[in-house]
Every structure is written in structure tokens, then in C-alpha cells.
Amino acid sequence: MRNLYNACDFMKRSVMSDGYDSHGFICECLHVSGLSGNHFESHYTDAVIGAGLVGNRLVHVALDSAKVFWQHQVNTLASNLSRHFGLGTGQLRIHVRPLAVTQFQLQAGMSIGHSGMNGYGTLGGFLINKKEERHFIVSNNHVLALNNAASIGDGISYGNRHIGSLAGFVPLDYSGRANSLDLAVARVDSDENIGISGYRKIRAARIGEYVTKVGATTGRTYGQVISNDYTCKVAYGSGRTAVFTDQLFIKGINGNVFSQPGDSGSFISAQSDNAFVGLLFAGENDDTATFANQSVSVFNQFKHWGFYR
Amino acid sequence: MIETIEQAKKALESKIIALNSVTGIGIVILNGVRMIEVAVRDEAGKSEVKPFLKDSLFEGHPVDIVIRGVAEPH
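As given, the protein sequences belong to chains A and B, one line each in that order. Letter 115 of the first sequence, counting from 1, is numbered 405 in our numbering, and no numbers are missing. Letter 28 of the second sequence, counting from 1, is numbered 30 in our numbering, and no numbers are missing.
Source of the hints: derived by calculation from the structure; they are not laboratory data. There may be inaccurate statements among the hints.
What the simulated footprint calls covered on chain A by chain B, stretch by stretch (three residues with Cβ under 8 Å from a Cβ of chain B suffice, anywhere in the stretch; the number is not a length) [claimed, not checked]: (1) 377-387; (2) 453-466; (3) 548-558; (4) 577-590.
Idealized CB from N, CA, C, for every residue including glycine.
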């Protein structure tokens, strides 16, 4: 049994690219085709793309089909591996297959933005319009709609990848009148793969309760709701300032930062029951305070847009 | 007559627009004490806001003044 583990560990080190013995061994085995020289040696060093024990009885090894061309190479590798580790008949299986490709999936916490944006915000979460059977991304106006400058139908991107189009936003009011939301939604392209881990209930945040969020800049962080009816001024550039009332004011726990630029659009959840309590949209420039729209206001806007009846 | 901390907060709220130095106002809980927090741009802002806080109407409502700049979209 020990030999099985040794063989598996040997092949795993090759996958991890630090097993020089493994590389040499594999190159030697794959050279049986008659091809030789340094060019081919370096070509083969990452031929192994997977290794593992199956049921503690069998070593599975996967070879990259782009690096291995002939069956007798595989046969020689199998023979030499078995001899090297004393493996019995049927204890080793070698497959030749293409390198696995990661499947792109849209998830909450990813960095997204309007296609014409310099910078990024965060994909907060998804809305599902059951009537159309379409998914919608939820984030901020300043992330998806460029502080009112965008038009419905504009492209929304993840890096250079187009993922959807702007479907609606609440205009920011810079006149001094009170705002309650920095909110926008985008329709996701129908062929995109959506990663939804579950459904959230929506409720108001309570002063003093502990919350968490996953943002594109700072990842998962933890904070405490200091106020749930805070009034604050937010500078949106070009001399424009918007006043927001009835906002959540959140501080990071133990002096840690709760959010930084790029985290805008994150859904804030209560730690106690995972309920959606706020939509992150602003913070102090020294990162000591985070401001978020009340989830109840967000929910009412969703209803206004016709997502709920 | 202002009698509650909510009324005091509402009365101060108009200052956020009227006074350039005021950047935030809210009812907060600090060390278990429910109070009003007023955020101002700088020390000069503090002195600008203090006369309003000295108003007898706000007596009995603990007020914490912190220095904080205008918030930015994150």
C-alpha cells in the first residue's frame, strides 16, 4: 500500500512543478518515441496535469493530450512507473486528456463596471425575473451607470468580458435634496453562467449588530452597524456632492477596514441570520467608515421596477 | 421643544446642507451610550458647529463631534 502513496505523491509533485526527479523521469519515459533534445525535454516537463488515489487501490495519472502524441509513450511511462514503485497489475491507470479549462461563472463579489468606466465596483448579488427567466446584477449607480451619465442598454463588463447590459438605475440628485439610493441593475447575458449560493431574506439592519460583506477589493470583511439613520455627504467628482439620508454607518471590527474603493455594490449581510441588510456605496477616504443604503429602500425600488408584486 | 435624540438629530440635519463643514450626522451607539454624532471636515468646522450644539435645546443629548471628510463612492 505504501508504494501506491509514494507513486501518487511522486506524480503530484510533478503537477506542482517542484518535482525535478519526476520531470526527469517523465521526460525519460516520453522520449521513447525517438525524439530527443532539450527542446522536447522542456516540452514534456508539464505533461502531467493530474494525479490522485482512487479508492486507496489505484493511482490515476492524467497526461496533457497536447504533450503526449503516441500510445507507446504512455505504455512506457506506465511500465516504468509500475517497476519504479513496485505496483502490481491494475494499480496504475494513465489517461491522456486535454488540460482542464476553468468554467467562467458570475458570482457575488466579482469586480464589474460599466464598459466605459475607469476602475471597477462589485457585483453585489442577483435578482431573478421569473416572468422573463432572466437574471439581473445588482450594484450601484456609480458602478453600472456612471453617476447618471450612462444610457439604458449600455454594456456591463467583467474586465474585458461583456457580461450584460444596463437595465435600470436610480438617478443621483446633486441638488441638495435627500437621496436614499445609489442603485442600478443590469440584465445578464443569457449565455452567462450564474453562481447562486442561495436566497436571502431582506430585513432592516439593527444598531449594534455584526455584519459581513464580500467586496472586489477587500474580499470578506466584518463590521458593526453604528447607525441606521445616518445622513452623509458624498462627493461624486466634478464638484458634485449628493446628500444621503437614513443610511447605514458601519465600522470594521477591531479597527480593521470594512471597505475600500472597488467594494461599492457589495451586499451587506447580517452575521446572525445572513439576511441582506444593506447595499455598500461609499466610505470615508481614510477607510474608517462605510456607508450603505438600507436594504428596505433597495427592496422597495425592486418592487417599483416590477421585480416583486 | 426638542425632547428626544431623534428630534435633535432631525434639527441638526438641516445643517448638513447649510454648513459646508458638516459632512455627516447620525444617531449612534458608542460604548453603550446612545448619542448624536456630527462629522465635520476639520477643526475649523468644529468651531463652526459648536454654537449650534450649545443651543439649550440640545442639552441632555450627548453629542460626539468627529473630524471626517466628505465621503467618496467606494
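Verification of the hints:
{"no.": "1", "hint": "377-387", "in the structure": "violated (count 0)"}
{"no.": "2", "hint": "453-466", "in the structure": "violated (count 1)"}
{"no.": "3", "hint": "548-558", "in the structure": "holds (count 6)"}
{"no.": "4", "hint": "577-590", "in the structure": "holds (count 4)"}
Violated hints for the displayed structure, listed by number in ascending order: 1 and 2.
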